[in-house]
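Taken in order, these protein sequences are the chains called A and B.
Under this note's numbering, the letters of the first sequence match residues 900 to 1213, in that order.
Under this note's numbering, the letters of the second sequence match residues 22 to 505, in that order.
Don't read these hints as lab results, they were simulated from the structure.
Among the clues, some could well be false.
[To be verified] Each pair of labels, with its calculated beta carbon distance range:
(1) Asn1033/A to Ala223/B: 53 to 61 angstroms
(2) Leu69/B to Gln1040/A: 50 to 58 angstroms
(3) Asn1168/A to Lys66/B: 55 to 63 angstroms
(4) Gln1040/A to Ser227/B: 32 to 40 angstroms
[As the list claims (entries may be wrong)] Cross-link-like lysine-lysine pairs, in silico, DSS-like; alpha carbons within 30 angstroms at most:
(5) Lys1041/A to Lys447/B
(6) Lys1020/A to Lys66/B
(7) Lys1016/A to Lys240/B
(8) Lys149/B to Lys1016/A
Bear in mind that the values here come from a model prediction, so they are computed numbers and not experimental data.
Note that the Cβ used here is the ideal one computed from N, Cα and C, for glycine as well.
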Amino acid sequence: MLSRVAERLYWCARYLERVENTARLVSVYDDLLYDLPREIAISWYNLIEINSGVELFEQRYKVKDERNVLKFLLADDTNPGSLLSSLKMVRENLRTTRDVVPGEMWELINELDLYAKQHIKQGINRSERHTYLNTIIGGCQKIIGLLSGSMDRGAGWCFLNIGRYLERADMNTRILDAANSVLMQSREEESVKLGQVIWSKVLKSQSAYLSFRRTMRSSIKGAMAATFLLTDPHFPRSQLFCLEQIKLAASALPRSEVIAHQVNMLLQNTHGVERSEDLNQEFSRYLNDIQLSIIALHHQITDNWFQYMQGDAA
Amino acid sequence: MNKLTKNYDPDAYYDELIDQSGNPRPPAQRLLKYLNSLSADELEKRRLTAEATVQEMGISFTVYTEEGNIDRTWPFDIIPRTIEAKEWAVTEAGLKQRLTALNRFIDDLYHDQNCIKDGIIPEYIITKSKNFRPECVGVSPAYGVWAHICGTDLVRDETGQFYVLEDNLRVPSGVSYMLENRAITKRVLPELFENDDIKPIADYPSQLFETLAALSPRKIERPEIVVLTPGIYNSAYFEHAFLAQQMGVELVEGSDLFIGNDDCVYTKTIYGPERVDVIYRRIDDLYLDPEVFEPDSVLGVPGLMRAWKAGNVALANAPGAGVADDKVVYAYVPDLIRYYLDEEPILPNVTTYLCERDDHREYVLQNLDKLVVKPANESGGYGMLVGPHSSKKDQQLFAELIQANPRNYIAQPTLKLSTAPTLVGKGTLEPRHLDLRPFILQSKDTYVTTGGLTRVAMKKGSLVVNSSQGGGSKDTWIVETKGV
């Protein structure tokens, strides 16, 4: 596998995962709208903060309302992390690596890209947003399904997995942070009532609701939901699972020891929360530290496999 | 019945599907009968399906504009063009003959130059050729073949006779569109493939693979083959990726390769260097190796020519093969066939006037309004004068250009290119001019595509079929007609 191709596959998977998770992230808030008591206003702007988009957002928009937040997160082509920008990047990376993935992948990504662009208004307006986001998530899963079902498990597969699970781990912390910050902004007497609603939305947005129920055998409480999404060993979107998958994929590649070491450190630092009172500013900082470690891991991956050092040939 | 083609008028041209009295030609009978059974609405539905399919399949080509590069979707007409299998067999033989002679010619030019010594072709072909590479003199590629992949443009005149319009021996494009056109047509008109005896075309990637594998300098079971692309901004990038994928080989850019101390070519992989045996390069000669050609170019690989000359890697097409891509050489191809093969050419050339020759130039200058003037070494339909459609001012300009550099210009009579029914509005068919580009592969064996890429001038009356100039394309069917 060419180093350049490996890098593009890695990014292709990261952006595709970002598309899916941006849709999931928005859908958490979107669902909340319908279930929260009328007097509680959720701040859509939280989503900008947890996505590290404050500076860019403020250059573009004066009003921090729902519409602008959605425009920024979904449609804005000056925001490199927006859903449409991410899709474009999936397509661009795939355009140069089409020869190593199943042929249908190109068709599926074009289909998704066309849908996302043509129906972007549905994503921004409230009435059809749910359908829009669901279709996007479904489109991403179709692609992952195609890869799982028809791609050989060579180096390309490993790089796609490393990219996907790294991005998923990162977005997982951001989704947790999104819930955490809504709760921190609510008054104490509200937060207990709110907790149930919010955490069940978070679990649903991660397709984790049933799995949580079966595994935890408990009603939905913040501490348990967060713990599940961080440490469950079997759920494919949990932090622990994502990190294990990165390690597994790396182990099939040359010079993987250094990556395994870094991931092990991250795994050791992955833990749940004991009590719902611990979902606070400190928890938010903890999530932020994980994000920084993930960025460091990304740099290590780049150094290890994508920066080709011209070796002694023959 | 017969509603769709009822008012169809091919005028004085040879129409590929419908003869002068309005009857379908034998290979088109089933097709036209079927099309006539469709309502205008149904046909429109099929056209829209095709349009959506092209978009979803992401079939595109890149056009250079002042605003930057635009990825345009491939313009496609759903009505196929048909050719009878028996007729095609003759054309195929003609193409094989032509390419065998051309490769003998190129090999001769880089060795003894007997064709010049024997007076078959004038010496200025080499001394003034833009594509002759002195760096290649004395090199002996495998099987004596330099042009491994050739796209030869064919046209028909009003009698239906096929003529060779030009040979593209450098980095010809279009074969992926030929394959994709078939894929789209199968989705749009699936009913026809059940009953009609349409020859399949899908084996091209395997044939290309075999052609390339046979060139490997290392006689090993699995030679490493790569497709070398200049990158995503190239107008044919879609095709480069498509072919690499279909052949199951790596698509590389210049920066993915390097030359080792042993003068062998290696790819930069996550495991370390891996040796390359054959490069199907889609980069022009002059950008292949900055050590030998353009020093500023970053598209190629420093030292590649060294590796090639040392015989450590095969390049397809070989550098310097473009010398025969010259429109002046074209004029001599029939003579070259007689000289090298001692055979009469099967496929005729279009009458060609060489402005270098005094008598020809005189004729050209006096008849600019009737002729098509082409520069000897351009591609993509650039820098041409189409006499009957030109202004006095254009003609004056070309008269000056020709006098200043006669070697660089040839002229041909304006051809009455054949036409085929093309969907121009809802349920409306009109004749549009077209040509045909078959692809010829040659290394150990010779192979010709079944049919080729049909390009259509989408504008009424226009003779310009290049996609970079707004042309479109159609599926091409070689049809077995026995029993019809």
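Verification of the supplied hints:
1. Asn1033/A to Ala223/B: 53 to 61 angstroms: Between Asn1033/A and Ala223/B, where Cβ atoms are some 37 angstroms apart, the hint is violated.
2. Leu69/B to Gln1040/A: 50 to 58 angstroms: Since the Cβ atoms of Leu69/B and Gln1040/A sit about 28 angstroms apart, the hinted range of 50 to 58 angstroms is violated.
3. Asn1168/A to Lys66/B: 55 to 63 angstroms: holds, 59 angstroms
4. Gln1040/A to Ser227/B: 32 to 40 angstroms: Between Gln1040/A and Ser227/B, where Cβ atoms are some 34 angstroms apart, the hint holds.
5. Lys1041/A to Lys447/B: violated, 35 angstroms
6. Lys1020/A to Lys66/B: holds, 27 angstroms
7. Lys1016/A to Lys240/B: Violated - the C-alpha atoms of Lys240/B and Lys1016/A are around 51 angstroms apart, more than 30 angstroms.
8. Lys149/B to Lys1016/A: Not OK: Lys149/B and Lys1016/A at ~53 angstroms, beyond 30 angstroms, violated.
Going through the hint list in order, the structure does not satisfy hints 1, 2, 5, 7 and 8.
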